Amino acid sequence: MRKGMLEYCILLLLRAEASYANDIIEKLKEAQLLVVEGTIYPLLTRLKNEGLLAYNWIESPRGAPRKYYTLTPKGSEWLVGLNAAWSELSNTVARLKDLKVTIPENENINL
Amino acid sequence: MKKNITINLYGSLYAIDEDAYELLKRYEDNLRAYFSRQADGQEIADDIERRVADLFEELKAQGVEAITIEHVQDIITRLGKPEEMAGEAEDGAQEAFGGGEAAEGGGQPKKKFFRDPNDKMLGGVMSGFAHYFGGDPLVWRLLVVGLCLLSFGTTLLVYVVLWLLMPEARTAEDRLRMNGQRVTPENLAQTVVDESNAQGAQPAVERGGVNRLLSICMGILKVILYIIGAFFILGFALALLVTLGVACFGLAGFIVGGHALWNFGYDSTDLVQALPAGTQWAFWGLILAVVLVCVVPIYCFVHHLLHETHKVQPMSAAQRALWIVLWFLAIAGTIVAGTVLARNIDKIPFPPRAPEVEEVEWATDDEEMPADTCLFDIDSIDAAAAADVPDKVPSVNEEELKKVVTESVRKMVDVVIDQMEKE
Numbered sequence: 001m002r003k004g005m006l007e008y009c010i011l012l013l014l015r016a017e018a019s020y021a022n023d024i025i026e027k028l029k030e031a032q033l034l035v036v037e038g039t040i041y042p043l044l045t046r047l048k049n050e051g052l053l054a055y056n057w058i059e060s061p062r063g064a065p066r067k068y069y070t071l072t073p074k075g076s077e078w079l080v081g082l083n084a085a086w087s088e089l090s091n092t093v094a095r096l097k098d099l100k101v102t103i104p105e106n107e108n109i110n111l
Numbered sequence: 112m113k114k115n116i117t118i119n120l121y122g123s124l125y126a127i128d129e130d131a132y133e134l135l136k137r138y139e140d141n142l143r144a145y146f147s148r149q150a151d152g153q154e155i156a157d158d159i160e161r162r163v164a165d166l167f168e169e170l171k172a173q174g175v176e177a178i179t180i181e182h183v184q185d186i187i188t189r190l191g192k193p194e195e196m197a198g199e200a201e202d203g204a205q206e207a208f209g210g211g212e213a214a215e216g217g218g219q220p221k222k223k224f225f226r227d228p229n230d231k232m233l234g235g236v237m238s239g240f241a242h243y244f245g246g247d248p249l250v251w252r253l254l255v256v257g258l259c260l261l262s263f264g265t266t267l268l269v270y271v272v273l274w275l276l277m278p279e280a281r282t283a284e285d286r287l288r289m290n291g292q293r294v295t296p297e298n299l300a301q302t303v304v305d306e307s308n309a310q311g312a313q314p315a316v317e318r319g320g321v322n323r324l325l326s327i328c329m330g331i332l333k334v335i336l337y338i339i340g341a342f343f344i345l346g347f348a349l350a351l352l353v354t355l356g357v358a359c360f361g362l363a364g365f366i367v368g369g370h371a372l373w374n375f376g377y378d379s380t381d382l383v384q385a386l387p388a389g390t391q392w393a394f395w396g397l398i399l400a401v402v403l404v405c406v407v408p409i410y411c412f413v414h415h416l417l418h419e420t421h422k423v424q425p426m427s428a429a430q431r432a433l434w435i436v437l438w439f440l441a442i443a444g445t446i447v448a449g450t451v452l453a454r455n456i457d458k459i460p461f462p463p464r465a466p467e468v469e470e471v472e473w474a475t476d477d478e479e480m481p482a483d484t485c486l487f488d489i490d491s492i493d494a495a496a497a498a499d500v501p502d503k504v505p506s507v508n509e510e511e512l513k514k515v516v517t518e519s520v521r522k523m524v525d526v527v528i529d530q531m532e533k534e
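Keeping their order, the protein sequence lines are chains A and B.
Residue numbers for the first sequence follow the working numbering, so the first one is 1 and each next one is one higher.
Residue numbers for the second sequence follow the working numbering, so the first one is 112 and each next one is one higher.
No lab work stands behind these hints, which were simulated from the structure alone.
These figures come from a predicted structure and were not determined experimentally.
The C-beta atom is built at its ideal place from N, Cα and C for all residues, glycine as well.
Please note: incorrect hints may appear among the correct ones.
Some, not all, of what chain A presents toward chain B, calculated at C-beta under 8 Å [to be verified]:
hint	residue
1	Asn22
2	Val35
3	Val36
4	Tyr41
5	Arg62
6	Ala64
For each label pair, taking beta carbons as the anchor points, the in silico distance ranges come out as [said to hold, decoys possible]:
hint	chain 1	residue 1	chain 2	residue 2	range
7	B	Ile344	A	Gly81	45 to 53 Å
8	B	Leu268	A	Asp23	52 to 60 Å
9	B	Tyr121	A	Glu30	49 to 57 Å
10	A	Ser76	B	Thr188	33 to 41 Å
11	A	Leu96	B	Ala443	54 to 62 Å
12	B	Lys136	A	Glu30	26 to 34 Å
13	B	Leu416	A	Met5	36 to 44 Å
14	B	Trp274	A	Asp23	43 to 51 Å
15	A	Tyr8	B	Ile442	36 to 44 Å
16	B	Trp274	A	Glu30	48 to 56 Å
Full structure from sequences and hints, please.
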């Protein structure tokens, strides 16, 4: 569940601009979505292997050349689908939340 | 005061304390070992190493001159342990011999069967037993050596099977699980630090007296086992080639032999069909079993080599068990099918050979033509050759021959005269 969320967020972040893994980590940490930084490397590699992401090597002022990830056309397509799925999911959750207000003792189960 | 070394990460130099370097090295080895279990593990580990380089770069920018063990510990906590990176711990990405993932929450986690590479005489199986069941590895070892002697070595076979089945505790996580400790970042860092300290100081286990003797014996045994193993692999490769060769010849034999049988009026071109009913499976069974006996170890060996060079993921315990069982089944199958075939092959009902013809001819050549019969008159030999029936030789004489010839000439002349008269 959390992993799926992270993938979705990575795609969302890359929609706007090509990013270095460190930038992605930065932003995900701001949003408090990342527990350990290492998590995103297996995810990025998997998304790349599925053809949703691509990367170019770009020289950095200091240190090693960096991988800048971008969204592929296939990735953009997926993102559209995910957006739809997400809004559906959040609608459902919102509706369920409205229901729960009337039964307060069940609330903490669904945190 | 600490010894300091310089490391090169992607073209940049960093000064790092020796213990910090050891920890970092352990962490990276751990990562690589863990991710080697999945495709593109190399790439993931490289990416993480780059991240470490970036973090070092940040430290440098902050004015840190030498990276200490605390810095490295911070970085490890920040990046996380491989299991956390790979996502949910219940992903089931890896399983150990003897059961599923222990529940992470509540209670002491279950111990797992691992071979301990840091404390091994042969394959580390017995130290694995000691970790799992408790007790001193030495006691387990002596027990097994005793059993081995009592059972005339069959225990050694069991040992080798266990060696093949039990995974090695390659990473710090594996070692924590082996000891039944919970895998937490703190435990992990502790294990890694402890191990790097222990490695610098002395071997993981001090060995004296009986242990040393055992160690020397096992060293010798290990060499012997490796040699046997190498012979096995070579032997199987050879056997496979021979089997293929025999199969080719067998096929050719079937075609030729089938043809020969057909000449004798035997209408089947397939020898297998000639086996007694109910035993025909043995032929194909034998071929299949022999091929399996040869192919399985070769496949596993190649797989192992590929895994050692990080090209493929290691087999799971279930897969290994499956191959071992399959191999033993194939051996059993070879024996059963071979026995059945050997017992029935001579029951193939060949048709009674009409043949004696051939033998008689040979006999005439050898026995009934002594040197003096060479003075046989030429005419009769020619006549015999023409008739191709040696028995008739004496019955042909010149008178009859003349009669036959004159008669047929006369007939021909009659026919010609008839024709001429008609025209």
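(request) Please flag the earlier hints that this structure goes against, numbers listed from lowest up. (result) 9, 15
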